[in-house]
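J.: Sequence:
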Amino acid sequence: MFQIRHVTLTHKKDLHTILSDFSLVLNDGDRAVMIGEEGNGKSTLMKWIYDPSLVEDYIEYTGEKSTGGERLSYLPQELPEEEKTKSVYEYFTDSPEFAEMSPKELSKMTSDFRVEPEFYYRDQTMGTLSGGERVKAQMMRILCEKPTILLLDEPSNDIDIETLTWMEKFINSWPHAVLFISHDETLIERTANRVIHFEQLRRKTMCRHTVANVPYRQYVEDRMHSMEKQEQIALCERREKRVRDEKIRKMEQTVNAQLSTAHYSFHDSLGRLLKKKMKAVKSLEHRFEREDADMTEMPETEEAIYFRLGDKNSAVPSGKWVVQCELPELRTADGSGVLAENVILRVRGSEKLAIIGKNGCGKTTLLSKLAEEMLARTDIRAEYMPQNYEELLPMDKTPVEYLEKTGDREEQTRIRTYLGSLKYTFDEMDHPIRELSGGQKAKVLLLKLSMSGANVLILDEPTRNFSPLSGPVIRRMLRDFPGAIISVSHDRKYLSEVCDRILLLNPEGLTEEEPLSAE
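Heads up, the sequence shown stops at 577 in the working numbering, and the numbers go up one at a time, no gaps.
Honestly, the hints are just simulated from the structure, not real lab data. Here the structure is a predicted model, which means the values were calculated and not measured. Not one of these hints is a red herring.
List time: in silico DSS-like cross-link candidates among lysine-lysine, alpha-carbon distance up to 27 Å:
no., residue 1, residue 2
1, 334, 305
2, 378, 427
3, 308, 334
4, 506, 427
5, 162, 204
6, 123, 70
7, 299, 340
8, 308, 333
9, 506, 463
10, 144, 416
11, 499, 416
12, 204, 105
13, 308, 335
14, 370, 506
15, 305, 340
16, 410, 370
What follows is a set of in silico ranges between Cβ atoms, one per label pair, in the way DEER data are often shown:
no., residue 1, residue 2, range
17, 81, 138, 28 to 34 Å
18, 154, 383, 48 to 54 Å
19, 142, 540, 39 to 45 Å
20, 109, 531, 31 to 37 Å
21, 259, 116, 18 to 24 Å
22, 114, 571, 43 to 49 Å
23, 540, 87, 46 to 52 Å
For every residue, glycine included, the Cβ atom is placed at its ideal position computed from N, Cα and C.
Work out the full structure: start from the sequences and follow the hints.
T.: In structure tokens form, the structure reads like this:
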């Protein structure tokens with residue numbers, strides 16, 4: 059049994075508390091997902107659980123953990139830079155536990171992970187593996203450590219649908235405890251049996267956490283019903299208070315009027331009666347004030363993000379060809395190999411389509427090539443959101459500096475208002491972009507698309523860094539966008555809710571697929 063007791067995490071830089079008095083117990087069979095908006099401290103807590111030294115440069119902490127003899131293994135959100143240059147063989151042999159594995163154990167692992175037996179001995183560098191292969195290599199190495207608790211930070215990032223399905227089966231079949239973070243709602247719905255929800259309320263001045271021992275979908279429904287009920291009770295109590303306060307006010311007015319117009323002495327019966335009435339009214343006021351202190355609070359939640367993508371001018375005429383692309387060969391970025399042949403893509407009007415396919419098949423390469431051509435055209439207004447945000451975002455600028463064009467005060471005020479609707483605090487608006495979380499960077503790019511007046515969006519994994527709670531809002535924005543969308547995605551909710559067409563990229567080209575259900 060693994061225990062965390064009364065943990066509080068505080069940023070050293072601004073003394074902002076991201077987690078307060080948090081306790082948790084993990085047992086075999088627990089598949090606990092940590093959810094919350096971007097920048098709420100999920101990854102920081104996971105690093106602290108694995109090794110507090112990973113966060114001590116920027117976090118102060120109190121509390122303790124008890125491993126109880128459990129063995130923890132950690133899959134980081136990003137493969138460390140020093141590991142990317144190693145060959146796959148070097149990556150495995152650098153682990154002492156790998157050398158202790160028997161040939162039978164190694165063979166079983168390659169079979170379970172659906173990779174070839176020679177996978178361990180590849181000369182290919184880790185950084186050049188596809189997203190799915192890289193995740194599998196990391197998972198295989200940490201399993202050599204024979205852990206009893208797996209800590210997985212975004213294991214679903216950058217992996218294809220086939221590997222996502224494998225990941226679901228792996229998590230569900232793991233006999234011990236799993237604590238994971240994911241933005242993939244479908245993966246969470248199909249695996250998690252416990253939910254740990256982190257929130258930052260009141261403009262990120264107060265933190266709150268909830269631990270629920272139920273599946274994710276039930277948690278969301280129970281939370282919604284609970285808040286609706288709490289809101290109804292709170293509104294009813296406030297209506298009753300208004301009626302009651304009005305009665306008290308009228309009673310006071312009546313007594314005061316009698317006091318001001320009556321001719322009496324406080325020693326006669328009328329004076330004593332009015333004095334007694336006023337005392338009774340004041341007594342009622344004090345009793346109601348005490349009762350008001352126990353009134354049901356209105357439910358507090360993190361404010362939903364909101365902004366629009368495009369306007370009526372962003373629609374594309376139904377007969378207009380947005381893309382007419384014919385590539386005899388789709389080659390790798392360095393030109394050294396052929397990824398696909400006879401790639402034909404035609405998009406007309408305000409279609410919304412997604413390209414899917416296995417990791418490494420060339421989806422991002424194709425999208426990048428399309429973006430290069432479409433951004434140069436003058437008959438459409440295209441904007442591009444790459445998978446790697448650093449391709450476009452200047453890391454040393456603030457979000458306001460990046461988004462402004464004229465630099466005048468009115469424009470800056472408007473940008474800050476937009477950023478506020480995306481739940482940026484005033485401090486975060488003035489932080490360098492490099493200090494922002496992946497989700498916050500994605501929001502900056504989406505806002506750039508919104509302000510650009512584009513009628514064609516080219517999006518590489520647009521939902522990959524948004525929390526499962528923000529995901530429905532982002533999908534609704536993209537679905538309601540009046541222009542065309544050409545995208546690459548493995549997000550099954552996005553594919554089913556936003557896209558009119560789904561195309562599979564394989565070595566023979568693009569083929570039309572049936573609409574995908576996220577259920």
